[in-house]
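Chemist: Chains Z and W, in that order, are what the protein sequence lines are.
Quick note on numbering: the first sequence equals residues 1 to 598 in the numbering used here.
Quick note on numbering: the second sequence equals residues 1 to 259 in the numbering used here.
None of these hints come from the bench; they were simulated from the model.
Any given hint could be a false lead.
Said to hold, decoys possible - Below 16 angstroms or equal to it, Euclidean Cα-Cα: the simulated EDC-like pairs (lysine to aspartate or glutamate) are:
id, chain 1, residue 1, chain 2, residue 2
1, W, K78, W, E96
2, Z, K169, W, D141
3, Z, K169, W, E89
4, W, K70, W, D32
5, Z, K331, Z, D383
6, W, K61, W, E10
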Amino acid sequence: MLGMKRSTLFAMLMGETIWNSLISILIGLPIALFLTEGISLATVKLVGLGIIGHRISFSISAVIGTVIGFIAVQMIAMLLLSASFSRKEPMELLRSDSPEKQVPLSTKKGWLCFIVGLVFLILAYVVGVTMLRSFDFNIVMLIIILGGGGTFLLYRGMGIFIGHNIQRKSPMRSGLFTFTGRQIHENVIHQYKALAISSLLLVMALACVSFGIGTASGRGSMEVRTVDFSIEGSEQEVREVLDSEASKSIISEYYPMFLSRMNTNLYDQSGEILEKRPEAHDFSWDGLNATLAKLPETDLRNNMIESFSDRSGPYLISKASYNELLQAIGKEQIQLKRNQVALYTSMKDSGDFMSILNGALELGAYIEVDDQKYELLSSVYYDNVVADRKITLYSALIVPDEDYRNWVSGASTPFCWNVVLSQELVNDKGLMQAIQLMEQNLAGTGLEYETFLSGIGRNLFYTVAASYLTIYLGILFMVIANTVIGLKYLMQQRANERRYTTLLMLGANVSQLCKSARSQIRMFFALALSVAVCSSIFAIWSMFTSFLKLPAGTSIVKVIAITGIAAVLFVVIELIYIHIVERASSREIQALQVIDRG
Amino acid sequence: MSSNRVLEVEGVTKVYGKGDNKTEALRGISFDVLEGEFLGIMGASGSGKTTLLNCIATMIKPSSGRVLLKGKDISAFKGVQLADYRGQEIGYLFQEFELLDNLTARENIILPLSLHGVTGHQAEQGLKELANRLDITDVLDKFPSQMSGGQKQRVAAARALISKPSIVLADEPTGALDSKNSKVLMDKLSAINKEQNKTIVMVTHNANAASYCSRILFIQDGRLFHELRKNIETENSASFYERIVTVMAQLGGGSANVL
Chain Z
1 MLGMKRSTLF AMLMGETIWN SLISILIGLP IALFLTEGIS LATVKLVGLG
51 IIGHRISFSI SAVIGTVIGF IAVQMIAMLL LSASFSRKEP MELLRSDSPE
101 KQVPLSTKKG WLCFIVGLVF LILAYVVGVT MLRSFDFNIV MLIIILGGGG
151 TFLLYRGMGI FIGHNIQRKS PMRSGLFTFT GRQIHENVIH QYKALAISSL
201 LLVMALACVS FGIGTASGRG SMEVRTVDFS IEGSEQEVRE VLDSEASKSI
251 ISEYYPMFLS RMNTNLYDQS GEILEKRPEA HDFSWDGLNA TLAKLPETDL
301 RNNMIESFSD RSGPYLISKA SYNELLQAIG KEQIQLKRNQ VALYTSMKDS
351 GDFMSILNGA LELGAYIEVD DQKYELLSSV YYDNVVADRK ITLYSALIVP
401 DEDYRNWVSG ASTPFCWNVV LSQELVNDKG LMQAIQLMEQ NLAGTGLEYE
451 TFLSGIGRNL FYTVAASYLT IYLGILFMVI ANTVIGLKYL MQQRANERRY
501 TTLLMLGANV SQLCKSARSQ IRMFFALALS VAVCSSIFAI WSMFTSFLKL
551 PAGTSIVKVI AITGIAAVLF VVIELIYIHI VERASSREIQ ALQVIDRG
Chain W
1 MSSNRVLEVE GVTKVYGKGD NKTEALRGIS FDVLEGEFLG IMGASGSGKT
51 TLLNCIATMI KPSSGRVLLK GKDISAFKGV QLADYRGQEI GYLFQEFELL
101 DNLTARENII LPLSLHGVTG HQAEQGLKEL ANRLDITDVL DKFPSQMSGG
151 QKQRVAAARA LISKPSIVLA DEPTGALDSK NSKVLMDKLS AINKEQNKTI
201 VMVTHNANAA SYCSRILFIQ DGRLFHELRK NIETENSASF YERIVTVMAQ
251 LGGGSANVL
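Between the sequences and the hints, there should be enough to build the whole structure, so can you do that?
Modeler: Take a look at the structure:
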């Protein structure tokens with residue numbers, strides 16, 4: 001109005017944006033660094049490294065990337081905002097506080113939006129629960145389109161619903177009921193996009209947090225320590241190190257792990273012999289496959305039958321080695337009678353796989369070696385046989401030592417030597433430092449070894465990446481969603497300040513207005529939350545029945561307890577947010593009272 | 001006759017700011033309003049007429065002096081008493097209507113009653129009568145954005161009258177209306193004043209609107225400058241209008257005060 005050029009105004013706004021961004025970064029970066037270091041210290045503490053072993057990592061390129069990214073996002077947002085402002089007449093800008101006009105939607109259109117939205121959402125739920133068995137891109141896209149579109153349409157049409165309700169009820173009610181209702185009505189009509197986005201963000205928040213908890217619980221169940229070190233080398237070399245005075249004090253026991261493949265011919269997929277071997281044994285899983293075939297047909301069962309049709313040398317573990325391991329972790333030892341073997345797998349995290357296998361074993365499965373039937377024990381064994389988690393065994397057979405010697409060529413050489421550290425030492429110094437002590441003894445001996453920790457390191461990486469990150473993302477989404485809802489409400493209230501002043505003039509008292517604002521805030525939050533919680537239930541249900549199956553051994557009580565705590569935290573955070581917005585709103589209303597309108 | 005004195009304004013002053021920035025908007029104004037009177041308050045822009053009205057409406061606290069409504073000092077009101085006074089004893093008509101634009105006309109009108117515990121059903125009879133009288137029956141279920149300026153102001157008038165207040169305060173009620181709608185509104189207000197003996201205090205700088213009043217107070221620089229009284233038996237609106245214009249010329253308020 002006073003003659004400033006648009007370009008100068010634009011430059012001023014941009015300059016202000018850059019300045020504000022720089023200040024935010026200056027404050028935000030140190031806090032972010034402090035937080036990440038805190039998290040990584042907590043991670044380190046979890047594995048028993050202690051603070052001494054922790055190194056602070058700082059990447060200049062990451063900092064520069066963050067700064068550039070942050071400023072770019074701010075500039076783009078400002079650019080979009082300026083573009084919308086530049087289209088307005090100066091008069092509109094002068095009266096920017098005038099609220100949008102109430103334009104009633106046509107009833108038909110409103111109902112249509114509401115019903116189509118509801119149908120879309122229900123379809124998304126059904127598809128999610130019934131069809132999402134694995135990460136199929138097309139199905140995921142379908143769910144996103146149905147769910148997202150449904151949520152938007154539902155909120156678009158919800159205004160009609162609320163308006164209808166107010167019209168019906170208001171003649172019977174007094175006080176600010178009609179005003180409160182109309183405010184909510186108007187908020188839903190004008191802010192339906194914000195509501196839908198917040199609601200979707202809340203669904204993502206809840207799903208991310210659940211995924212994080214699920215992953216953390218799942219991984220957590222794997223952390224049963226069976227072996228601390230697996231050392232490869234000749235018996236003499238290994239014994240020399242392990243029997244030394246320095247090692248004796250830190251080792252509670254060590255034993256050879258006899259693990260090898262049965263000496264058979266090599267077969268291709270069709271069962272034809274690829275390579276003949278001398279003194280080869282004839283092996284078959286047919287007895288197990290026969291019982292598997294009796295179980296209900298699923299894709300997984302069919303895959304298993306196919307895998308067990310391979311007659312090439314299965315992995316064998318000697319009973320004595322495995323019993324040593326069981327004894328080290330305090331489990332009952334295996335008793336094998338004549339012509340009995342036990343089935344082993346390290347795929348214990350796949351609940352379906354384990355239940356199918358157990359089902360087949362309970363029906364009385366057997367294997368055949370050189371036309372002799374060997375009965376399989378009715379339960380599957382799954383404790384890690386070496387320290388390195390990288391080594392997985394789809395299937396193996398725990399066999400009596402005599403059979404092991406007969407069926408394996410070179411049976412006198414163990415696969416590795418397993419070492420279990422002294423529990424007192426681990427309790428005293430933490431696992432990480434105990435392992436470091438043992439590593440000092442092994443250094444320079446030329447022996448190759450794997451530690452539980454290098455295995456757990458890999459494992460921890462997945463846990464941190466999958467669980468902490470998703471929980472963090474979930475919290476971030478939740479904060480954004482709540483901030484959007486709160487700010488949208490407060491902005492709307494600010495824009496409608498004159499209404500509150502008029503109400504004061506008409507004889508409303510401040511406490512009535514504050515009460516009305518509180519109801520509006522609660523309703524506004526409830527509208528976003530109700531759809532979000534409903535969608536989340538299906539999202540989480542779908543997630544836990546498809547790609548996030550909890551491992552068979554996971555304690556349900558523990559998962560429920562953690563989920564319960566997370567749910568309570570969620571409610572508490574929501575209540576805090578609502579309370580903060582309520583207080584801000586009450587402050588604004590109370591400030592109106594002293595305004596002189598002259 | 002103190003018995004039919006509805007409003008008594010006694011030496012009201014209003015000072016804004018402090019020290020060098022002090023502005024005296026009202027410098028000790030005193031007058032009475034009798035029951036059934038249609039009082040006009042006129043003056044140049046910045047003369048303090050709206051400040052005076054707002055002091056009566058309890059929107060502004062006077063720096064000194066008293067405002068008595070039916071003998072009660074309203075400047076001392078607080079909390080519930082203040083809310084009751086605003087909702088039940090006075091009806092306020094704003095220049096910009098101040099209708100809540102997310103409420104229908106019906107909901108707007110009965111708002112002062114609902115704030116004091118009356119339901120829509122209970123208010124229906126009074127609402128119907130007022131809507132008929134103000135000719136707004138057709139727009140009762142419409143939102144303000146769907147009404148004309150004249151309809152909005154008549155809806156606002158209905159809202160000011162629904163609680164049967166002791167006094168109606170109107171701040172330039174024709175300020176945002178064209179001449180035709182101004183005339184319709186003033187005719188309606190005048191009829192209500194005469195037929196229901198409703199006391200109205202109206203601030204205006206529109207001589208045409210002021211000619212409907214029975215008495216006019218002229219304010220200049222925060223003080224009472226002149227008073228005009230309409231001779232109801234002998235004088236018609238046209239000749240009263242002539243007298244008003246003459247006083248306004250004397251006031252020398254410039255073009256803002258001349259139609």
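Chemist: Below or equal to 16 angstroms on CA atoms is what counts here, so check K78(W) against E96(W).
Modeler: Violated: K78(W) and E96(W) sit about 27 angstroms apart, past 16 angstroms.
Chemist: Does the structure keep K331(Z) and D383(Z) at a Cα separation of 16 angstroms or less?
Modeler: This hinted pair holds, its Cα atoms lying about 10 angstroms apart.
Chemist: Does K169(Z) pair with E89(W) here, judged by a C-alpha cut-off of 16 angstroms?
Modeler: violated (28 angstroms)
Chemist: Assess, step by step, whether the Cα of K61(W) is no farther than 16 angstroms from the Cα of E10(W), and give holds or violated.
Modeler: holds (14 angstroms)
Chemist: Under the criterion that the straight-line Cα-Cα distance not exceed 16 angstroms, is the pair K70(W), D32(W) satisfied?
Modeler: Roughly 11 angstroms separates the two Cα atoms, so the pair holds.
Chemist: K169(Z) and D141(W): Cα distance at most 16 angstroms?
Modeler: holds (15 angstroms)
Violated hints, in rising order: 1, 3; the structure is consistent with all others.
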